Amino acid sequence: MVSTMPVVTKIFLIQTKVGDIVDITGDVQAEIERSSLRNGIATIFCPGSTGAISTIEFEPGLVKTDIPFVLDQLIDPNRDWAHHKTWGDHNGAGHLRSFLIKTSFTVPFSHGKLMLGTWQQIIFLELDEKSRQREIIVQLIGE
Amino acid sequence: MVSTMPVVTKIFLIQTKVGDIVDITGDVQAEIERSSLRNGIATIFCPGSTGAISTIEFEPGLVKTDIPFVLDQLIDPNRDWAHHKTWGDHNGAGHLRSFLIKTSFTVPFSHGKLMLGTWQQIIFLELDEKSRQREIIVQLIGE
Amino acid sequence: MVSTMPVVTKIFLIQTKVGDIVDITGDVQAEIERSSLRNGIATIFCPGSTGAISTIEFEPGLVKTDIPFVLDQLIDPNRDWAHHKTWGDHNGAGHLRSFLIKTSFTVPFSHGKLMLGTWQQIIFLELDEKSRQREIIVQLIGE
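For the protein sequence lines, the chains are H, U and W, in the order given.
Numbering-wise, this note's numbering puts 292 at position 67 of the first sequence, and it's gapless, one number per residue.
Numbering-wise, this note's numbering puts 309 at position 84 of the second sequence, and it's gapless, one number per residue.
Numbering-wise, this note's numbering puts 258 at position 33 of the third sequence, and it's gapless, one number per residue.
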């Protein structure tokens, strides 16, 4: 008898540039397909404090124009944040956007497929001031 | 011996109108009661990109006045968002609000009951520009 | 043979003052260490509607200056919110901030350790208008 592992923890890497919004839906779906789990939840987690995870309809108007505009409106990219004095860097706005949008997101899957809407994708937002190689954690729990 | 299913995936439907904020606490609690699970987490998920899920004290001041005001302040309802050019629709603000508030929410339950505060309800926010029939996913994992 | 409990539900208490941002990473990690679980997810939940949970790099610039500034910018602390008329209190801004930042957060753990980044801490935000004794729920699910 083969026993099913109820928890599968995976890390995948993405290379980002400043301001990138990356569709990571395929990476998460691929981890489900590589596992023996068919039903459960996928927790997608950014182990860092200048990234964030959410869902959108991944189309150029939102990705290239509207979301950058909204992020600039909500958290001023040009303010000299107190955070800058702590470390001498300039990514305070990125830290605050990550705090607001948050670094964790949970999606149910069923019959081996993420239960997303047809026009709904999982995105990673690079909010830091420089290119990064990012580890994204996907942890599956289920049956 | 009957074995307990550790994952229960359910979908319930709600009919919404533009701007609706719907208390879905009872729907989620009912799915726990219909299941054989007593302890675990309920993941409440909107499979779409113009809805959102959070918690509030569900009282008319917040529901009818304050949250609509805040959503209008955070994301301009009258801007001609770039998203509109992609599809010729006008729900860009709804997409951006869904991105910000997010489409997933996780609540622990114990002894068959959601572990919410006394004055805390789970809400679905209809952020689209028209009435919708919405599928809301509730997935329970536990024991 | 001792069977492993797949769900562990714990509550810890914190004493807060108005505006407190509390690093609760150690409390969550301690619950993992006290459990028999090594891999899974920790759901951190505030059972109330005037608190919130997220992650940040816990340093004084962000904690003492930048996050309070951003919260004041996003949700006006001085507006006479409709919520105040319902109860005769003055914590409408706190309710709206809790709705926006949200009361739930999920972090994966592996080999008995939270999979946070080096400079990433889990925070509880006291958004109410008075000091509180807060119950914070940590529920672990895994193996």
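Heads up, some of the hints might be wrong.
Same chains, same label: a pair holds when it works inside one copy or across any pair of copies.
[To be verified] Cross-link-like lysine-lysine pairs, in silico, DSSO-like; alpha carbons within 30 Å at most:
{"id": "1", "residue 1": "Lys355", "residue 2": "Lys289"}
{"id": "2", "residue 1": "Lys310", "residue 2": "Lys235"}
{"id": "3", "residue 1": "Lys338", "residue 2": "Lys235"}
{"id": "4", "residue 1": "Lys338", "residue 2": "Lys355"}
{"id": "5", "residue 1": "Lys242", "residue 2": "Lys355"}
The set of hints was computed from the structure by calculation and includes no laboratory data.
All of these numbers come straight from a predicted model, not from anything done at the bench.
Status of each hint after checking the structure:
{"no.": "1", "hint": "Lys355 / Lys289", "result": "both (18 Å within a copy, 25 Å between copies)"}
{"no.": "2", "hint": "Lys310 / Lys235", "result": "neither (36 Å within a copy, 38 Å between copies)"}
{"no.": "3", "hint": "Lys338 / Lys235", "result": "both (17 Å within a copy, 15 Å between copies)"}
{"no.": "4", "hint": "Lys338 / Lys355", "result": "between (34 Å within a copy, 28 Å between copies)"}
{"no.": "5", "hint": "Lys242 / Lys355", "result": "within (7 Å within a copy, 37 Å between copies)"}
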